[in-house]
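Residue strings, one per chain:
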Amino acid sequence: MNDPTAAPASDPTVTRPPATPQPDDTSGESTVDTTSTITIPRMDPIDAGRITASEAPRAVITTTDVSCYYGSFRAVNEVTMDIGLHEITALIGPSGCGKSTVLRALNRMNDLIPGTRVTGTIAYHGMDIYGKDVDPIEVRRRIGMVFQKPNPFPKSIYDNVAYGPKVTGMKVSNMDDVVEESLRGAALWDEVKDKLKQSAYGLSGGQQQRLCIARTIAVKPEVILMDEPCSALDPIATSRIEDLMMELKEDYTIVIVTHNMQQAARVADRTAFFTAEAAEGHGDRTGHLVEFDETTKIFSNPADSRTEDYISGRFG
Amino acid sequence: MNDPTAAPASDPTVTRPPATPQPDDTSGESTVDTTSTITIPRMDPIDAGRITASEAPRAVITTTDVSCYYGSFRAVNEVTMDIGLHEITALIGPSGCGKSTVLRALNRMNDLIPGTRVTGTIAYHGMDIYGKDVDPIEVRRRIGMVFQKPNPFPKSIYDNVAYGPKVTGMKVSNMDDVVEESLRGAALWDEVKDKLKQSAYGLSGGQQQRLCIARTIAVKPEVILMDEPCSALDPIATSRIEDLMMELKEDYTIVIVTHNMQQAARVADRTAFFTAEAAEGHGDRTGHLVEFDETTKIFSNPADSRTEDYISGRFG
Amino acid sequence: MGFLVVAAGVSILTTIGIVVSLLLPAIQFFREVSITEFLTGTSWTPRFQDPTFGVLPLITGTMWTTAIALSVSIPIGLGAAIYLSEYASTRTRKFFKPTLELLAGVPSVVYGLFAVTFVGPVVLKEWLGIEVATFSVLAAGLVLGVMIIPTVASLAEDAMSAVPRALREASYGLGANRMRTVLRVVFPAAVSGIAAAIVLGLSRAVGETMIVAMAAGSQAKMVTDPLEGGQTMTGFIASAALGDSVQGSLQYNTLFAVGLTLFVLTLIINIISIRLVNRFREIY
Amino acid sequence: MAAITAEPTAVTRPLTAASHGERNPQSLIFLILLWASLAFGILVLVVLLVNTVLEGRSRIDAALFTNYTSQIDPATAGARAAILGTAWVIGTTALLAIPIGVAAAAYLEEFASKTSRFARLVELNVQNLAAVPAIIYGMLAAAAAVAVGIPRNTVIAGGLALALLILPVVIVATREALRAVPQEIRQGSLALGASPMQTLTRQTLPAAVPGIATGTILALSRAMGEAAPLLLLGGLVFVKFDPNGLLSGFTTMPIQIFDWAGRSQVAFQELAAAASILLLVLVIAMNGLAIIIRNKFTTGR
Amino acid sequence: ESGSGSTGTDGAAALSGSIASDGSSTVGPLTSAAAELFMTENTGVQITVGTSGTGGGFKKFCEGQTQLSNASRPIKDEEKAACAANGIEYQEVIVANDALTVVVNKENDFITCLTTKELATLWGPEATGKITTWNQVNPAFPAEKIKLYGPGTDSGTFDYFTDEISGEEGASRTDFEPSEDDNVIVQGVSGDKNALGYFGFTYFEENADKLKAVEIDNGAGCVAPSSDTARDGSYAPLARPLFVYVDKKAFTSNAALKGFMNFFVENESTIAEAAQYIPLSDEQKKTAQDELAALG
Ligand SMILES: Nc1ncnc2c1ncn2[C@@H]1O[C@H](COP(=O)(O)OP(=O)(O)OP(=O)(O)O)[C@@H](O)[C@H]1O
Ligand SMILES: Nc1ncnc2c1ncn2[C@@H]1O[C@H](COP(=O)(O)OP(=O)(O)OP(=O)(O)O)[C@@H](O)[C@H]1O
Ligand SMILES: [Mg+2]
Ligand SMILES: [Mg+2]
Ligand SMILES: O=P([O-])([O-])[O-]
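Those protein sequence lines, which keep their order, are chains A, B, C, D and E. Here this note's numbering is used: the first residue of the first sequence is 1, the next is one more, and so on. Here this note's numbering is used: the first residue of the second sequence is 1001, the next is one more, and so on. Here this note's numbering is used: the first residue of the third sequence is 2001, the next is one more, and so on. Here this note's numbering is used: the first residue of the fourth sequence is 3001, the next is one more, and so on. Here this note's numbering is used: the first residue of the fifth sequence is 4001, the next is one more, and so on.
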C-alpha cells in the first residue's frame, strides 16, 4: 500500500487470471432461454478468476470483466461480481472510485451519457444486457433505479406514480389501484393519500425519495438499483428508507451504493469495496473492485488491507 | 429525538439562555484595544449559554449566536463557539448541515455569494470582523482558506505561490525566497523545485492541494480554514496533508471541515458536531451546532444522542 | 424521430443553398472578370459605362466601419461585461443586462435613422464640432459600434462567468481585492472566450447592412478619411438590390461575387471564433 | 490530546481597510470606468429612445394604425399595411422556424451522439449559419423563390428568409433550455422504462418550454426588426392593401420606415420616427415578455 | 394578375385584382398617388409600386414580373428586345412632364446658373478623379472641394442627364454618391455647402426650402426649371416627358389594370397636382387617351 500509483492489475493482493468462461454470458447474444438462471460456483475469492461472495445465492446479475469508459478515460476497470437474488448488495468505496458508474452500467443508464462505453459482460439471468438485440428500455423496466437526490417529476404525486405504467404501456385495469399499491409498497400511502393531486414538490425530501421508490415499483421491476438513496436525508428519513429496503428485499433484489459504511453494515447481505488509484503521472484515477464478500466478513475481517484502511476511516 | 421537525431552539438537549455578554465582541465596533484577546471561560457545555470546549486555550475567533442566511433561507442557526489558538478545530456533521457555511462566515468568504447575510457576532481577537470599518480583504488575508477541490490558478507553480504576496501588496524583498519557504512549509518543495515554471495543472491532486496550502501560507495568515481538504484525494495524499496539518498547527490556527470522522479524530484538538433538521412541512433544513468539545470527548462520550448516532454511523 | 433528423438536416441544406445560390452566379462573374482584378483592383464602378471590378474599395469601406465599431464596442462592451459579471448585484444585473441587450434589439433601420439624423449632424457636427460629411463612415461606424456592444458584452460576460468560482474564491481567500481578482485571475482565464466575443462582434459589424446603407454613403471609393462617406460590401449589395439588374447579366452577377466574398469573410471570422470558444470550453 | 500552549497573541493590527483594500484609488478608478461603460450603453439607448419619441410623437395617432401609407398626404398616412405585413411575415417565420428549430435542437441535444459525423456536421453548420450576415439570407430566399417559380416579394419568401436567419438562434436557445432541464428528470423517466422519445415529449420538452419561449421570442423580435434580407426580395414597394395569403405581396415595418426615412418631406420623417416608436415598443415588449418568462422560470425552480 | 368586375371607366362597380408596377423613382410617386386615389374607390384592387429605377423596372417588366413600368425616359432598344424575347407587348403612355433639376446648397453663393458645357466638364467621364475643385469648372468659382450627388445608374434620370449633357447615355464620372433614393441626394446636398446634385423637379419642389435650383444656359441664356419652362420647352435640354408602360395583354385581361390606366389618364391633372408634378398639356392628354382607347 505504499505506491498509490501502481496499476490495479499489478496489485499483488488480487490476482486475476484470464476469466474462466461462464455459461451463457459471454456470447453477446440474448436469445438464451429466459427462464434459466445461473448458480455461481463457490470459489475462493483470492484464488479464483472471479471475485464472488462466499455462500453465494442464485445470481440475478453477473458481471464479468466489466470496464467502464467515459470517452477515453477508463473510470472503472474489470469488475467481476454477482448480484444475488433477493439480497441487498452494497457498493462502498471512496468518492470517485466508480460505484455509481458500475451501478448505472447494470441497467444501461450509462448509455445516456455520450461517449460512455462498457466492455466485458453484464448478464441478467444469463442474458447479456448489452447484447445486440437487447432493448435498453426493457432492461431499465426490469432493473429500476432510485437516485441520490430525490427526483420526482414536476407533476402531481399521482401522476408521478402513474407515469411509469403509462409510458411502458403496461396493461393496467385500474390505475388508481396501481398507484395505491405502489405508494403502500413504499410506505408512503398514509402520508399522501389525501393529496394525491398535489405537486410532488410539496413533499419533504424523505417523502420525495419514497415517492421515487413507489414510482419505481409501480412498473414491477425485478431489481432496484439505488445510488446513495439516503445521503440527502435526515436520520429519521434515512431509517425509514432502510426499513423499507429490508421489506422490499422480500420481493425485489436491491443493489445500493452508499458512502455510509454503517448503512452498508446495517442493510446489506453482501458488500463490495471499490477504490480508485491514480495512474502514473497525472490525476486520472481508475476505480476497481478490491473485495466482495458477505457484509459481516468485509466489516469484521476484510481480506485486503485497503478495505481495512477504508473501513477504519484511514481515508475516504 | 423522535421529532425531526422540532425547531432547534426548542430542542431539549441543548438549552440556550440569552447569551452571556462577552467582552469586546458584541458591540459591532472594532475600535477595541487590538492587543486584547479573550480567554474562554470554562463552562459545562450543557449548562452554559456558550457551548465551549473544556480546557479551552486562548481564543482566536469567537462566534456568538451566528446565523447564516442565503436570501431568506436560514442555513445555519445561532452558532456560538470559540476557535482556540494553535489548535485544529474540526467541524463535522451530515451533508447540508451548514459546516461549509459556518467556515466561510469566519473569513467573510460568504460575502461573495449575493444575498448572504450573517447575524450575530464573529470576533477575531475581539474585533468584530463584520464591523463597519472592517475591510473583508484584510480579514481574508489573515484568515486564509483551502478548498475541497484543489483550485490552483491556471498559472505556473511559482506564480501560484507568488500571487498572494503580489496582490496583497506585501513587502517582499525576494519573492524567490517567499516561494521556496512557502513550498517548504507545505512539504512540496522537493517535489516541485525543478519545475517551478511549469503549469500547476500538471501536478497530481494531492500536490495541487499542497500547492494551495503553500499559496495560502505565502501571505502569512494567522488562521487557515480548510473545507474538506482531503475529500478528493487518495489515502497517501490524505495522510500527507494530515501530517502537514499537524506541522502547521505549530504556527497557525486551523479550522477544518471534514465528513471523515476518523480524520477529525486523528487530527483535531476540538470537534464541533452540527446537524440539520427539517422545518415543519417542507424541505428546508436549518443547520445548528449540537455539541462542541474536545475531540476525545466527542468521540468517546458525546453528550448528545444525535452526536452519538452520527458518530456511530446511524445516519449521514 | 425522422422529423428530428430532417429538421437537423435543414441547417445543412441551408448552407448548401447559400453556397449554391452565391457560387453559381459568382462563377459566371469570374468567367468575365479575373479574380486578380476583383481582389486587387482599387476602383469599383460595376454599374457605370466603363465598369471596373476592384472590390478593394468596398473592403476598405467595410474595414473602416468595422474598425470604428470595434473601437467603440470592445472597451465599452468589456467594461460593461466586467461590471455585470464581477461587480453588479444580482438585482442590478437582472435589470441592466436585458436593458443593455435592448441595444442589440433595436431594429437597424432605427439605428440608421439615428445615425443620419442625429449622430452625424447633431452629435458629431454640432456638439463635437467634427466636420463630417452628411454620410460618413465615422457616424455609421459609431452607431454600428453601439449596436454590437451587447454582442461583445454578453459573450464576454458568459466567458467570465464560466471561470470557476473556485478560482475567484482562491484569489479572494488570499486577500486579493476585486479588481486584482478580475484582472489577474478572471480575465486571463477567460481570455479565449473574450477573444471569441470580440470576433463575434467583428462578424456582426462586417455583416450589418441597414446602418451602413443608410448612413455611410453609397460611393464606392478607397476610404482614407472616416469623416467622408464610403460604401461597404453590404451597403453595395443593398443599394444594388434596390436598383435591379437582369438575371444573368454581369451586373447582376456582381452582386453575388460580393455576396460570396462577404460570406467567405464571415465564415473565416466565424471559424476563428469557434476555435476560440472551443478552447475556453475545453479548459473547464 | 496535544497540550495546549496558550501563548500570548502578538499585537494584532486592526482589520480596517489597507492600501490593497477594496476602496483604494486604483480600484475606484477601475470601477468608475466599468460603470461608465455600462452607463454609456444605457445612455445611448435613452438618447435614441428620447430622440425618436420627440421626432415621432406627433404622429402616434389612430391613423398610424388604420391608414395605409400615402404618396399624397403624409399627414394622414399610416403603417397599416406594414403592421399587417409584419404580422404575416413574422407569423410565417415562427411557423417555419420554431418546429424545425426545436426538432433540430432536440435531435442534437437528446439523441445525437457527440461522435456522430452527421451531428457534428449539423452543429458546425448551425454555428456557422449564426454568423452569416442577414443580407445573405435574402439572397438565398430570392434564389429559392426563383427556383420554385414564385415571385420574390411574397410573404412566404420573406418568412423563409427570416426563418432561416433565426433558425440557428432558435436551435441554440432550445438546446440551452433542454440542457437546463435537470438530468435527474430524464434519468427518472428513463429508469422507469420510458423511451427516449417519450421522455422528450412528456418530460424534457415541457420542462424546457419557458427557456425555448424566451429564446424564440427574442429571435422573433430580432427578425421583426430586420430589413436587409427583405430588401433583397424586392420588398421596398408602395403597398396599400392588407396581405391576404402566403403568396401576397407585403411590406413590413422596418421596410416602411426605411422607405419613409428616404423621403424628404418632414411629415414623412415624422412618420418614420412614429413607426420606429411603434417598432421599438414592440421590440421592447417582446424582450420584456422574454425576461418575465425567464425570471418566472428561474425563480420558480 | 387577373381582374374581375365590370369594366368601364365609370367605376360604378368596384374592381378587384392586383397590379404590380415598378420602375422610375421619378415617376413612382406619381403612380403611387394615382394608385392611392384609385384604390380609395376600388378597395378590392391591390397595386404595388416599386422604385427600382427606369432600367430596373423595364427588366422586371420585360420578364413579365410587372404589368406597369414607370419610366423617365423612353424604352431602349435592348430593353425592347428583352420584351420581345419574352413576348411582352406594351404601350407607352405619357403621364406627366418633368424638368430635370440641378440643385445646390441653399448657402451656395457662387452658382446661380451653369452652362451645359460647364455641366459636361463637371459630370463627364473624364472628370473622374480630376475635376475636384470648383475653380476647375469655372475659374470664377472658388477653389472649394466638389461634392456630387446623383441618381444611381439604374435610373432613367441618370440616363437622360448623361445623354443630354455628355452626349452619350451612361457616360458619367463615377466618383459621386449615387443613390436610387432621391432623398439621399436631398440630404447630401442640403448638408454640404459645396455639394451639387440633380434629380426630378418634384423632389426640388418638395425641398425648395433646403435647396437652390440652378438655372441652365443652353446657349440661349439662363432658364430656371418650372412647370411653364418645362412645358413650353424653353428649359432645354433637361425638360422631359414621363411615361408609364403598360403590358398590352394584361391590359385587356385584367380589368383592374384597365380601370386604373383609364383613371390615371382621366384624372391626370388632379394626380399631378397632388403629387406636385408638372401636368400634361391638353394635347398630350388627348394623345394618351387615344392610345389607351386603341388598346380596347
Ligand atoms: N459523465 C461523466 N463523464 C466523465 N467522467 C465521469 C462522468 N461521471 C463520472 N465520471 C468519472 O468517473 C469516475 C467515477 O465516478 P463515479 O461517479 O462512478 O464515482 P462514485 O464512486 O460514484 O463517487 P461518489 O461517491 O462521489 O458518487 C470519477 O473519476 C468521475 O470523475
Ligand atoms: N450558495 C447557496 N445558496 C443557497 N443555499 C445554499 C448555498 N450554499 C449552501 N446552501 C444551503 O445551505 C445549507 C448548508 O450548506 P453547506 O454547504 O454549508 O453544508 P455542508 O454542511 O458544508 O454540506 P456538505 O457536507 O455537503 O458540504 C444547505 O441546505 C445548502 O443547500
Ligand atoms: Mg456516485
Ligand atoms: Mg460543505
Ligand atoms: O428613377 P429614375 O426616374 O431616375 O429612373
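Hints are supplied without guarantee of correctness; some may be wrong.
[Claimed, not checked] Calculated lysine-lysine pairs in the BS3-like style (CA-CA distance at most 30 Å, straight line):
#	chain 1	residue 1	chain 2	residue 2
1	E	K4145	E	K4248
2	A	K195	A	K249
3	A	K171	A	K195
4	A	K195	A	K132
5	C	K2094	D	K3296
6	D	K3296	C	K2097
7	C	K2125	E	K4076
8	E	K4212	C	K2125
9	E	K4117	C	K2125
10	C	K2125	E	K4210
Quick caveat, the hints were computed from the structure, so don't treat them as lab data.
Hint-by-hint comparison with the structure:
Between K4145/E and K4248/E the CA atoms are separated by roughly 50 Å; this puts the pair beyond 30 Å, and the hint is violated. As the CA atoms of K195/A and K249/A are separated by approximately 28 Å, the hinted pair is consistent with the 30 Å bound. This hinted pair checks out: K171/A and K195/A have alpha carbons roughly 25 Å apart, not beyond 30 Å. Distance check on the hinted pair: K195/A and K132/A sit about 44 Å apart at the alpha-carbon level, beyond 30 Å; violated.
With a CA separation close to 12 Å, the supplied pair K2094/C and K3296/D stays within the 30 Å bound. For the hint pairing K3296/D with K2097/C, the CA-to-CA distance comes to about 17 Å; that is within 30 Å, so the pair holds. With a CA separation close to 44 Å, the supplied pair K2125/C and K4076/E exceeds the 30 Å bound. Between the alpha carbons of K4212/E and K2125/C the distance comes to roughly 23 Å, so the proposed pair stays at or under 30 Å and holds.
Of the pairs offered as hints, the one joining K4117/E and K2125/C is violated, with about 35 Å between alpha carbons and a cut-off of 30 Å exceeded. Between K2125/C and K4210/E the alpha-carbon distance is near 18 Å, which keeps this suggested pair within the 30 Å criterion.
In summary, the structure is inconsistent with hints 1, 4, 7 and 9 from the numbered list given earlier, while agreeing with the others.
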